[in-house]
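Protein chains: 2
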Amino acid sequence: MAQDNSIKTREQDYSAWYLDVIREAQLADYSPVKGCMVLRPHGFGVWDNIKNDLDRRFKETGHVNAYFPLFIPMEFLSREAQHVEGFAKECAVVTHHRLRSVTDANGKVGVEPDPAAKLEEPLIVRPTSETIIWHMYGRWIDSWRDLPLLINQWANVVRWEMKTRPFLRTAEFLWQEGHTAHATEVEAVEEAERMLQVYADFCHETLAIPVITGSKSSAERFAGAEDTYCIEAMMQNTWALQAGTSHFLGQNFAKAFDVTFQNTEGERELVWATSWGVSTRLVGAVIMTHSDDTGLVLPPKVAPIQVVIIPIARKDHERETVMEFVGGLKSELLASGVRVHVDDRTKMKPGAKYYEWERKGVCLRMEVGPRDVKGESAFCKKRTGGDKFSVAREGAGPAVVQILTDIQAELLANATALRVENTHDVADYETFKSELKANGGWYRVAWFDDGEAEARIKDETKATIRCFPIGDQDVEGKTCFYSGKPANRIAIFARAY
Amino acid sequence: MAQDNSIKTREQDYSAWYLDVIREAQLADYSPVKGCMVLRPHGFGVWDNIKNDLDRRFKETGHVNAYFPLFIPMEFLSREAQHVEGFAKECAVVTHHRLRSVTDANGKVGVEPDPAAKLEEPLIVRPTSETIIWHMYGRWIDSWRDLPLLINQWANVVRWEMKTRPFLRTAEFLWQEGHTAHATEVEAVEEAERMLQVYADFCHETLAIPVITGSKSSAERFAGAEDTYCIEAMMQNTWALQAGTSHFLGQNFAKAFDVTFQNTEGERELVWATSWGVSTRLVGAVIMTHSDDTGLVLPPKVAPIQVVIIPIARKDHERETVMEFVGGLKSELLASGVRVHVDDRTKMKPGAKYYEWERKGVCLRMEVGPRDVKGESAFCKKRTGGDKFSVAREGAGPAVVQILTDIQAELLANATALRVENTHDVADYETFKSELKANGGWYRVAWFDDGEAEARIKDETKATIRCFPIGDQDVEGKTCFYSGKPANRIAIFARAY
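These protein sequence lines map, in sequence, to chains Y and G.
For the first sequence, our numbering gives the first residue as 388, with consecutive numbering after it.
For the second sequence, our numbering gives the first residue as 388, with consecutive numbering after it.
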């Protein structure tokens, strides 16, 4: 059965376009386990680049990596009341530690969980690791000398989601979770804000995604947090995507796991906490922010392959000189730190190669035929913008680095323009409703904070408060766009993933 | 309750010494989940260096990374008869996807697996990923053009072990698993051998562990493999530790998951497979190979901190000049690629710092006091060997790099000497038994391959065949040390972890 390998346009069907791009760029595939995806090499390569860049930023801000167990004793989850409320409904539960053979009515041999190997207490597969980490912190923290404790973990987590979408929402996903412990509230709040800014800088500089930073309303807060900060990105259909969160956890987990320290005066105090995380969801954000109807578009900084060189030799005698030239060009690009791939597959036409690498989001294509060798240059095409031009062999390294830098800047500028064009100030609810319905977009409003009103708006419009933007909270003299009461917040409302 | 923080000597109690070193160097800690450990930052740092070095070697040999689901449908395991036999008895089984609230007789609220959320088919937590990966390979492989497929995965796996020991054997551990698919048997065997050599080179060059390479007897073969190759290391108590394996899987998984390809003649053939893996067990191998009664000793190439600088300023006015000098020294070492840490904790005496960093296995200590600043040098002590000497400030970078290189070579030389001294040729079983009992060690023997004889020797002596060493299989005219039959193998027998 032939597979349909066409990519729908964004205009035709935005959701289908997203799935088509993922399939055709070979980023991910469906697995036989419901809701779990396979990260194929090209998709994993993007995640690996994200991981390496973030890991450097975490280390520069004083954090170290560690690794905590996948399994959490079921009882741990109940210790923090809001936390169990938030996660109990989507936990994978391990109940047995052995299988046994079983023969069915037709004589077919299979396996089943061995009733004799039932666990005394079930284990849950971590949906997040606050509980087990704070249990360990209780063993490690004794004095003010042990603080702050700044630990990050790269791990897989499982949240049993019923409706899944590759990268954006899957039962298992890869992420990092930072968990820090502090002597004072002020330090903990500073840490939560610092890491939010690390995420925001990373999105701007590396993913070319112009996220906004904000804090969440209580309805959208992390289960167990006092305050949740977030970065929000606008996708090309103008929906919002929460791309990362940073939580000030107060002393909630210190209380639940009895974690105290002796302060410099010799008294015992509860420890203050933060946690913060981003996940493979960022790969989804990259796809949805930059790609087009031809396929994947990647910011050069996270592209597994930034440049593909395609040798073009129609006759055997041309091949040797072309390949020699290509080899030299490749070496120069590698020496300039460019991730370059030479596609030297024979029995495949150049056109088919162009098509494949465009779909896979390689930033720059360089074609080298006998005429290019003679002219000591390569014929180039950028993945975005459509320009075709020549790059001289001499100085090709720095020239290509400059082209990639320009592409990176261009992608950020385009995404920023989209966000600015589609973010609107609106003063009353009726206008908001009709504008949202007609044009989508983000709506910046004066707001009187009220969970019930927020829920009603969600029911009526499907829009939610994405955040209260940081640095944009001047409410003086403003009235709430919904209730008419004096506003105490500036809020961004939008449809979201 | 005060914790005992002493380290037993190797002579007193080798097993206790190993656990003491892990605790005092803060490499790992016990978790509340039976058999699962926490990798603390210092221990994780060693694994991270192992991972980065190996990952580079995998990429240089043409492999790419991907990520496959944590969960495997239970039925998959049964598809390959030997594979299920090998792993069914140690599988964590997920049976539910939700918890529900429950109130006990005392009114205490807790949670339990929700009976309404029982999975139709249980999932197992991967003990290894051959089955799910070959299911996916069935979707991805269609033609000879798709081969070879060379994929590696860095992941956590779970094998429910009853007797655990940190790093060496734990219920959950971190590892990499390479899974490759080939058009021919010859190519697959070459790949399995190539990756074994990659592991061996890595152990020699990076871990300073002089492993030997060999193939396993059928008793020790991987469940589902045609041939298992291994690297074996000698610990300081002369026991062997299997440090990594590489398997030629024949067409067993291709048959189980119906994976065929169209060859260049247009016919469909079954695909040939390999898999290969090393794990956090390597950290245990490093600890046991190099450490001493003072604590951890690390080869410089994997030490998270290679050099610690300890500023010594007894009076406040000394502090500024000392710290300025230390800052310059640190920059120079960083510029030479040295992983250096400045321990500038106040309110802690230098002696206490020396003690801590020695236990943690930092390769070189540099002390800087006012007199050193005047002399424009630093007073140094190597973690191993006990030499104390001065290093001039000018040219400190290259000088320290050279010292670290020498330490690395010294550790390899020491470990090699230990292995050579404790590996014996022996011609008859009685001598073997008495020598093994008296002195431990490895025994190189001529052997007639026979599983039952192997089992009897294990019963009587606890020694097993570690491997048939590669490149040392000249059996001509030799007779089996046990049966007296004409030998068909050279084998290494030893006690092993």
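Mixed in with the good hints there might be a few duds.
[To be verified] In silico negatives: residues of chain G with every beta carbon more than 10 Å from chain Y:
1. PRO419
2. PRO460
3. LYS476
4. TRP547
[Stated by the list, open to error] In silico DSS-like cross-links for lysine-lysine, where the CA-CA straight-line distance does not exceed 25 Å:
5. LYS740(G) x LYS761(G)
6. LYS421(Y) x LYS505(G)
7. LYS820(G) x LYS688(G)
8. LYS688(Y) x LYS820(G)
9. LYS395(G) x LYS740(G)
10. LYS446(Y) x LYS438(G)
11. LYS688(Y) x LYS734(Y)
12. LYS736(Y) x LYS688(Y)
13. LYS820(G) x LYS717(Y)
14. LYS688(Y) x LYS775(Y)
15. LYS446(G) x LYS438(Y)
16. LYS446(G) x LYS505(Y)
17. LYS688(Y) x LYS438(G)
18. LYS550(G) x LYS505(Y)
19. LYS775(G) x LYS717(G)
20. LYS550(Y) x LYS395(Y)
21. LYS768(Y) x LYS395(Y)
22. LYS769(Y) x LYS688(Y)
23. LYS702(G) x LYS688(G)
24. LYS505(G) x LYS550(Y)
25. LYS820(G) x LYS438(Y)
26. LYS872(G) x LYS446(Y)
27. LYS438(Y) x LYS761(G)
28. LYS872(G) x LYS740(Y)
29. LYS505(G) x LYS505(Y)
30. LYS820(G) x LYS865(G)
31. LYS702(G) x LYS642(G)
32. LYS505(Y) x LYS476(G)
33. LYS761(G) x LYS395(G)
34. LYS717(Y) x LYS761(Y)
35. LYS849(G) x LYS872(G)
36. LYS438(G) x LYS824(G)
37. LYS495(Y) x LYS768(G)
38. LYS495(Y) x LYS495(G)
39. LYS872(G) x LYS476(Y)
40. LYS446(Y) x LYS740(G)
Hints in this document: simulated from the structure, not taken from any laboratory.
In this text, a Cβ means the ideal position worked out from N, Cα and C, and glycines have one as well.
Distance restraint between LYS702(G) and LYS688(G), which requires alpha-carbon spacing of 25 Å or less: violated (36 Å)
25 Å Cα cutoff - pair LYS740(G), LYS761(G): holds (23 Å)
At 10 Å, judged by beta carbons, does LYS476(G) keep clear of chain Y as stated? Per Cβ check, LYS476(G) is inside 10 Å of chain Y; nearest 5 Å; violated.
Quickly compare the C-alpha distance for LYS505(G) and LYS505(Y) to 25 Å and report which way the hint goes. holds (15 Å)
LYS768(Y) paired with LYS395(Y) [C-alpha distance capped at 25 Å]: Holds, because 23 Å separates the two Cα atoms, which is no more than 25 Å.
Under the criterion that the straight-line Cα-Cα distance not exceed 25 Å, is the pair LYS872(G), LYS476(Y) satisfied? Distance ~65 Å between LYS872(G) and LYS476(Y) Cα, so the pair is violated.
Need the status of pair LYS736(Y), LYS688(Y): alpha-carbon distance at most 25 Å? violated (29 Å)
Can you confirm whether the C-alpha distance between LYS688(Y) and LYS775(Y) stays at or below 25 Å? Within the cut-off at roughly 22 Å; holds.
Is the hinted pair LYS872(G) and LYS740(Y) satisfied, with a Cα-Cα distance of at most 25 Å? violated (61 Å)
Restraint check for LYS820(G) with LYS438(Y), where alpha carbons must lie at most 25 Å apart: violated (53 Å)
Regarding the pair LYS717(Y) and LYS761(Y), is the alpha-carbon distance no greater than 25 Å? Status holds; Cα separation ~17 Å.
Sort out whether LYS395(G) lies within 25 Å of LYS761(G), counting only the CA atoms. At roughly 41 Å apart (the allowed maximum being 25 Å), LYS395(G) and LYS761(G) break the hint.
Against the hints set out earlier in the document, violations occur for numbers 1, 2, 3, 4, 7, 8, 11, 12, 13, 16, 23, 25, 26, 27, 28, 31, 33, 36, 37, 38 and 39.
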